[in-house]
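Chains A and B, in that order, are what the protein sequence lines are.
All residue numbers for the first sequence refer to numbering that gives the first Met the number 0, where the first residue is 0 and numbers rise by one.
All residue numbers for the second sequence refer to numbering that gives the first Met the number 0, where the first residue is 0 and numbers rise by one.
Read the hints as simulated data drawn from the structure, not as lab findings.
Treat the hints loosely; a few may be bogus.
[Said to hold, decoys possible] Quick list of in silico lysine to any residue cross-link-like pairs, SDA-like style, CA-CA up to 20 Å:
#: 1; chain 1: B; residue 1: K30; chain 2: B; residue 2: P100
#: 2; chain 1: B; residue 1: K68; chain 2: B; residue 2: L166
#: 3; chain 1: B; residue 1: K68; chain 2: A; residue 2: A131
#: 4; chain 1: B; residue 1: K68; chain 2: A; residue 2: H110
#: 5; chain 1: B; residue 1: K154; chain 2: A; residue 2: A131
It should be emphasised that the depicted structure is a prediction, and the values quoted were computed from it without experimental measurement.
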Amino acid sequence: MSDDIRTLLALALVFAPLSLLSIGGGASLLAEIEHQSVTIHAWTTQREFADLFAISRAAPGPGTMLSTLIGWKVAGLAGALTATVALYLPSSLLVYGAARLWGRWRGSVWHTAVERGLAPIAAGLILSGGIAVLRVSPGGPAVWAAAVASTALILRWPGLHPLALFATGGVLFGLADATGLW
Amino acid sequence: MRIPLRARAIEGKGVVAEVREAGAPRVARIKLPAIFAAFFRLGITSFGGGTAGWLYREIVERRHWIDDKEFLSGAALGRLMPGSGGVNLTVQVGHHLRGGPGALAAVFGLLSGPLAIVLALAVGYARIGQSAALDAVLDGVAAAAIGLTFATGLKLVQFKLASAGPLIVTLATTLCVGVLRWPMIPVVFGLAPISIGLALLNRRGRNV
Chain A
0 MSDDIRTLLA LALVFAPLSL LSIGGGASLL AEIEHQSVTI HAWTTQREFA DLFAISRAAP
60 GPGTMLSTLI GWKVAGLAGA LTATVALYLP SSLLVYGAAR LWGRWRGSVW HTAVERGLAP
120 IAAGLILSGG IAVLRVSPGG PAVWAAAVAS TALILRWPGL HPLALFATGG VLFGLADATG
180 LW
Chain B
0 MRIPLRARAI EGKGVVAEVR EAGAPRVARI KLPAIFAAFF RLGITSFGGG TAGWLYREIV
60 ERRHWIDDKE FLSGAALGRL MPGSGGVNLT VQVGHHLRGG PGALAAVFGL LSGPLAIVLA
120 LAVGYARIGQ SAALDAVLDG VAAAAIGLTF ATGLKLVQFK LASAGPLIVT LATTLCVGVL
180 RWPMIPVVFG LAPISIGLAL LNRRGRNV
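This is chain A alone, in the form it adopts within the complex (with noise of 0.2 Å):
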């Protein structure tokens, strides 16, 4: 087996069993990855592992891109994939199942009852993640401000396009920055 493969095939064995830990998202799998890929495999050094996570906060999409970054900078292109589809098939197969079985029950009592009563919990838990990014996000108070303002501008004219909001803000952060506003 040449070492390539060998690499590729490390990368799929640490972040496959991953995929199916991950309850609660991406974030409650920072700690575990940042240990094998910076103690267990010497993947990235801790440096690289912070400009990393950094980078992938920046992209844009769902969960966490930085397997995607580790295996990049592991395996190239080849090991983005690799880590990738390991972290993303294994619970994607899961829900998948999930979803068909699910979909059987459609119109029961039980099915309605349980559709409208999680409703009100996947409503909190919305709300529960905004506060968690604000919480993390090392902007401090003017990211607050900026947030509760963008919150009441998208509710004030919900056809207002999320991308012109997020321009706004990038420009105005920018702006105080270069001006040296704080």
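With the hints as your guide, set chain B onto chain A.
This is chain B only, laid out in the frame that chain A set:
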């Protein structure tokens, strides 16, 4: 209640209408490229981890492919199961729209854009290095993105759950998970039976 287009077409040819499979689309079959395109757009625009907020806007509000209830139950299940909540919700919506191929198209659409972007960023970052100005811009973008997440949660509270029971459940969830930072799984498993029980009790009073 509309008759499924597929069933109508088959009846028109004088063939017995097939029974709709569980989870198959109820109105019209949405084409796989359309699913891929919608989720690709979602993937490259959902900054700040607010995939659920974007998905609500694009798939529920704009395209009406699924309704509020389906969105919320998918979001709840997506967060309870292992994996990224956004990807899990996408798998469920894709499956709901077009079964297995739909789920595959949706997930590939969602992930391919961000994958390319994050790699491009990594290459660029390796050349430029860190900068305070870039950090400030990213903070601004993040703040607006958080606003989108809050607005989605509040919209759902405001219009869809406007009775005391569900409202209290939403507040309790937000307080425990968001503010007090209790672990999500025990909180959800504690509140879910109460909330589902309330829904069962209220069943007769509402449209079923």
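Going down the list of hints, with the structure as the test:
Between B:K30 and B:P100, the direct Cα distance comes to roughly 10 Å. Compliance with the 20 Å bound is thereby established for this hinted pair. Among the hinted pairs, B:K68 with B:L166 is consistent with the structure: their alpha-carbon atoms are about 15 Å apart, no more than 20 Å. Pair hint B:K68 plus A:A131 does not hold up; C-alpha atoms about 24 Å apart against a cutoff of 20 Å. A C-alpha spacing of about 11 Å is found between B:K68 and A:H110, which places the hinted pair at or below 20 Å, so the restraint holds.
Distance check on the hinted pair: B:K154 and A:A131 sit about 19 Å apart at the alpha-carbon level, within 20 Å; holds.
In this structure, the one hint that does not hold is number 3.
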